[in-house]
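A.B. asks: Residue numbers (the numbering used here), protein chains in the order written: chain A, 223 to 387; chain B, 15 to 434.
Simulated from the structure, these hints should not be mistaken for lab results.
Accuracy of the hints is not assured; some may be wrong.
Claimed, not checked - So the derived list for chain A, only partly shown, Cβ under 7 Å to chain B, looks like this:
no., residue
1, P243
2, A244
3, N248
4, S249
5, C285
6, R307
7, I348
Every residue gets a Cβ at the ideal spot worked out from N, C-alpha and C, and that includes glycine.
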Amino acid sequence: MILSGKAWKYGDDVDTDVIIPARYLNSSDPAELARHCMEDIDASYAGKVSPGDFIVAGKNFGCGSSREHAPISIKASGASAVVARSFARIFYRNAFNMGLPIFEAPEAVDAIETGDRISVDMEKGILRNETKGKEFRFSPIPPFMQELVAAGGLLNYIKTRKKGS
Amino acid sequence: MGMTLTEKILAKHAGKASVAPGELILAKVDLALGNDVTSPIAIQAFRSTGAKAVFDRERIALVPDHFAPNKDIKSAEQVKMMRDFSKEFGIAHWYEVGRMGIEHVLLPDLGLVVPGDLVIGADSHTCTYGALCAFSTGVGSTDLAAAMASGEVWLKVPESIRIVLTGKPGKWVEGKDVILHLIGEIGVDGALYRAMEFAGDGLAHLPMAWRFTITNMAIEAGAKNGIFPFDGITKAYSDARPRSKYEVVTADRDARYAEELSVDMSALEPVVAFPHLPENTRPLSKVGNVPVDQVVVGSCTNGRIEDLRRAAEVIRGRKVHDGVRMLIFPATQEIYLQAMREGLMETFVTAGAAFSTPTCGPCLGGHMGILAKGERAIATTNRNFVGRMGHPESEVYLANPAVAAASAVLGRIGGPEELP
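Chain B extracted, bound-state conformation (with noise of 0.2 Å):
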């Protein structure tokens, strides 16, 4: 029986010349990634094992990004935990702030994660590196301590489900609407346990942006991972990147999936998911009038410097609304600079908006851009839980970055081609 590319990584990473779904197996991981959120209960943790030493040095990533640059002293207690850690223990892939970025955009950009990888990383949306045909997914502090001690997870190799892309997105539409859109179409538990496996003729349409914001996404379906195959344009992507030697691996012609779904990319039009969970989408079109009191474009899932371009074409030459509090958020300090050379920083500020250094701040509710009780954002972020955002009574949509960009200059919930 032929192998996924989930099982096929999987079985290497586990010593095994082939796996099923279902076994549990013990692998070596490539990297194992934590935040400032979650490395402190990790880091208790490996001490709490009486390790002396970190599997490899060279293979773990700390990044402090959701509370950092610090917002209070509790969080600075937080990354300092980290940095103590980091030094002690000779941590090769600490990223201070003002060297670092998001967690999912940095680790790509930099070559830490390259195809055929097997990552672990105590952040639900790691799963993100899957769009360079790696295994990647979310665990918890403690698996994060048991793999910086032994540099192996247990895993139960998962199904996959097949998701066949076929056709040429509009000129609004974007890799933030065919996740969107497959989500509504399953809901938010449509990829319980199971791996998200892209395929068919519309790939050749997806730049690794979007990509990046597909697998981002799997973990919002339930998945344990989403994964995209090897082609010219993960070469193109990984070739740039320092860490350049890598396996291809691909799927077996004969390989078995539990489920087939497939997504006719030229029939859609931009997507918005509606308060509280991101399986409640509509197309743009059927929105309605939806007044917004913020619009927030960045995120590990839409802070790239594609997402920045994007947002600052609908937005150049035009003014934020009256009403609304437009915040940019560019993912790394690469993609900050890029901004700025590309002039995209002018137009933002210019319009009204304020440009921020990268951190995960508003996507979770943390800092630098809280909503108060009422309070309506359109956001270019993974998740509109309850409170995501800020008071449980505020409410969070999510859109793709131009939709987001049209929308803070509608003061309402809109696309690029309403605007005047």
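Just chain A, same shape as in the assembly (with noise of 0.2 Å):
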């Protein structure tokens, strides 16, 4: 599978609080938490981000909290991934339950300006960064994984095998 967008860039331990702040969280409905989805690091972007585009931050992107209203409102935004340095372990696991690919590219990040237009090639590892003309290499995700995010998360994957069987 093949994503591309623009890229919104953050920086350093971006944090579930500021992906979707906890005065929202008195509801699961995730157009709803879209509406709100990174309101305390960026104002603007649940109004600007377009389907497809990217969110690229630093290292241990989703630090805090176990809500998955932080992945959910990602999804729901329209955002197609996240790529970070790295990612905090719980936001990690969250993600790929709710179908939302990640990815950990460090040198990919660095090169990254806010309205870059990329593409990442999910099987192959590839991330190119077309408005600069530069191409990164990542360790792809694992098959399961990418299994999930095709699925559209864990449940629907379970789902999805039970009729198989």
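Join these two chains into a complex; the hints should help.
C.D. replies: Here it is in structure tokens:
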């Protein structure tokens, strides 16, 4: 699968509180959560993000809470994936369980600025910064994770497997 | 090759003789936990699987603590969904407001977690139970849904870091200072994907309450879990609970650790974490003049009776500063009652503090203590991210209960020794 879109670049340790502030956690409606996605780090994100865009960030993206509302809000905002130097553990798990692809690509992150057009080949592990004409390789996500993403998350994956068996 | 505490507990729950770091396992859970923020999504996901029953009604705990007592209609609907689900599926451990507490203090106090257990919870601070020599870790709602249906969770076996604690902490130094110091040293991703296993002769000076505070904040260093070895202190706590049957797990002498760190607790002074990350720590003597508008004592990190006693000891006979709002949140109904019996509640109220029913409200900027733009709080909670306690342009500083109480009197961040 090839993903492509514009980059929204952020720094290190982007926590779940700024991805989706706790004041909105009295709802689990994806559309409602998407309206407030990234609000406390970038109030312009939710109004301007286009379907297919990427969130690009430094180390330890998604640190903090176990709230699945964080990957839900990112996915519902239209973003196709998150690219970061590294991810916090629970966020990593939740993102795959939700079917939101995420990639650890440290070198690529350094060479991306907000607004750059990028594309990602998930199977081959290639990220192209088309604006800057640069190409980076990263470890492709494990096949199990790719299946989760293709199925749209852990529960869909389980249901599909049940039907198949 | 020997195994660490974490590896031993994971191997046992995966039905294997041994496991090694990096290995993916399917493990049986002794307890699966959700709160009013994470359970609604888990319940919807659980229903979407078409499951007709939960794996074991005795091994699921649902605790409405974040926006409860309900702060608005939406949170009332969320809690109602949990209540209805608990009734429909006969969940044994549903804790209604008035009979509840903050999950990570309530469940061990009730004896629902014992040494050697494997616990997952849809709350990042589920790592707290490692204080009891259990493996416990935070997961998301989908993982909770899958565990409620199957009784299992997939886990990657983490590498372990061994943290050797030595020395006796000074008078105003507590477990909170040990963990804040460590996070300051290694950073908020210093233990990413790893287990933090504590060891050393300093453990003799760490009461259970302090151990809970330390493992509670393992996630603030990115860790998968934090874990203490079983000793006399663990035994005394565990044997006093209803579920007193458990299996003692010990690390092998030749267990392999990815790294070893040490902390001389006798050399520590109280530690304060500055905004907006728990790693931005400074020793109390280097804080400078930081006026505060609000002081919060409580949360799953420091809302135990020992914490309230400590704050009361500092504030007794004194007054909360004119410009400060001081909020006290006991973590459970039992702690609330105990604070009443011991006269702590009277001490706080007489000093001019507000005393609340148990809730996570202020810790995550939910309710009962939201900060306005430009306001600053010092809290015994576990996170000080941007907007954590309210307005994105407010600030949260983290400290132990004695420092928080002293700051309430001083109107700025300071320690008990500065009080007249």
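A.B. asks: Does each hint fit the structure? Answer for all of them.
C.D. replies: Hint check:
A least Cβ separation of about 5 Å between P243 (chain A) and chain B falls short of the 7 Å threshold, and the interface hint therefore holds. For A244 (chain A), the shortest C-beta to C-beta distance to chain B is roughly 4 Å, which falls under 7 Å, so the interface hint holds. Hint status for N248 (chain A) relative to chain B: holds, with the closest Cβ pair at about 4 Å, below 7 Å. With a cut of 7 Å, the hint placing S249 (chain A) at the interface with chain B holds, because the nearest CB-to-CB distance is about 6 Å.
At its closest, the beta carbon of C285 (chain A) sits 6 Å from a beta carbon of chain B; the interface hint therefore holds under the 7 Å criterion. Hint on R307 (chain A) is violated. Least Cβ distance to chain B is approximately 10 Å, over the 7 Å limit. With its C-beta approaching chain B no nearer than about 25 Å, I348 (chain A) sits outside the 7 Å limit, and its interface hint is violated.
Hint violations for this structure: numbers 6 and 7, all remaining hints satisfied.
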